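*Asks:* Next come the chains, spelled out residue by residue.
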Amino acid sequence: MKEELKALRQERHNSAVKWKEQTGGKIVGVFCCNVPEELIYAAGMLPVRILGEHEEATEGNLHFPTNVCPYPVSCLDQALKGRYDYLDGLVVPNVCDMIRSMYGTWKLNLKIPYVHFLEVPQRISREGSKFFHESLIKFKDSLEAFSGREITAESLARAIHVYNRNRTLLRQAAELRKEGFISGTELQGMVMASMLMPKINMNELLNRYLQEAGKRQPNRDGVRIFVSASMLDDTDFFELIEDCGGSVVADDMPMGSRYFSFPVEDANDPFAALAERYLMRIACPRKMLPEDRKRFIEDILDGVKVDGAIIHNLKACDCHLYEYPFLKKTLEAKGLPVLFFRGEETETEMETQRDDIEAFVEMLRG
Amino acid sequence: MPLKAGIDTGAMNTAIVLLDGDEILTTLVVGSNEFLSSPRAFLEKMLESAKREWRALESVTATGRGRNGIDLARKKSSEVVCQARGALWLFPAARTVLNLGAESSRVVSIDEAGRVKSFATNDKCAAGSGLFFDSIAQLMDVSLEDMGNLALKAERTEEVSSRCAVFAESEVISHIHRGVSKESILSGLHHAVVDRIMDLLSKAAVEPDVVVTGGVARNPAVTGELSEKLGLALCLPAEPRIVGAIGAALLE
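Sequences listed follow chains A and B, in order. Take 1 as the starting number for the first sequence in my numbering and just add one per residue. Take 1 as the starting number for the second sequence in my numbering and just add one per residue.
I should point out that these hints are in silico values taken from the structure, not numbers from a laboratory. Here the structure is a predicted model, which is why all the values come from computation and not from measurement. Even glycine gets a Cβ: it sits at the ideal position worked out from N, Cα and C. Be careful, since some hints might not be right.
To be verified - Partial pick of chain B residues on the chain A-facing surface, computed with a CB cut under 7 Å:
#, residue
1, Val80
2, Val81
3, Val116
4, Ser118
Whenever a hint applies, use it, and build me the whole structure from the sequences.
*Replies:* See below:
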């Protein structure tokens, strides 16, 4: 099943093209955890998360200096190489400087019919939530104009229901991960597939997967690891940890628990509910204050037994690197040894990382 | 007494140690490429010179970057753990191990039983590594062994930046063209390398005794300046390249 999940990521472009051929529908790419995919879904289109790839960004590098976050560069590189030619639309949220730059670079260099810039407030606050609420209404109007389809109260309620179902299933998977029924690599594979596949199909797949996983013999041999990461858009780092004798039992990252942590709650006012979930509840250091991040991470760690923590930040990800000393202190105060990596988007560093992870696992085994 | 072998295959050299109980029976340091072409032959030769039989070997444990390529080792262990065990065996009061290898540098904090408390590795840059010294030695036409002593003879120090191995090389070339003495350039290079090592040490709580291991520990200009900057006497093994292999041999 692990292989099945892996294939969903690897084959994502072919699957997207096939989906378009079969349904005649439109596909909208999204960046980051702040874009309410429910709205795209309610307009009858397929949202897919934009991912980078482990290859030299020969085209992307031409547009940026070297000392920037490599993830968006790799995403642009993939698009310039034609891998995202099937996209009908793209939504770029105003999150960090590099993601923001995706708006201009994609608009100028690619021929995507619809590119929307979604305003996201800088900080989590009640005022911000109100602003974001308005920003989502504009987003809805813009999606309706592009798709030619009205987003009705019913279609949005249905979308929220399907997405909440996906979050519930992923949260159940996270519980099974704590017990060793599901590996960290598998759960990350499920999250990534959820970001790419039509949600109804994904929910069916997850349902089946969880039933089978619950019957397995749990693996409880691994050293229990908590991972906090800025951007891991492939499962290979988790695979490496688990290959070295670790088990990732909990995480704090955008392509992990931040994707499924909280449901969209109040269905009576769906836009307020979407603003609440997508702005107020996602624990990204770009907009959440350190004290709140600390509480959030302590809550995760209170719910699971962990032996050590690995922090993986992509180079030049200012939002996460700024927080690193504080995060390290928080984890150490909980008695957890911390291993830190400043990562790239390429695979070349995996072997040096393996050395450190093997040593870390051996150290934790004592 | 049980006969145990430890093998530490690094980026440049491989160290092999045969331990007979608590005693080092024999040791060997050989180029890693040469060793990896026939690991068994090297071990057999060592056993032969020590007048021991292969079947008397109770265990063979490998460590170092190349450990996974050594099939005859029944056990593999990380460099961090092996350096810690080896350093404590040589210096029972050791609490910090600074391993300066060809490719990577590490600082390891250990407890009184030799258990690893924490460790930090150098970042990806090659400046400050043993291979950096190797390339500079070739560039300046001096031997790796003489570099440290030549640097200590310098009357003045020529500034060399510590941030990048490639830029440092081009700086060295300009200094040579300006007629600066080899000693002064080498003195600057050693300062730059020690600066990098001090950066690494700042990531750890350095507690005495501090043991320095790996090929770079044979360089008196590096260890001298480190000792001065830390304000501590350093524990220097007679052969610092074999510490990881000793640790590997000691593992149960």
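*Asks:* Of the hints stated earlier, which fail here?
*Replies:* Of the numbered hints given earlier, the structure breaks none, since each of them holds.
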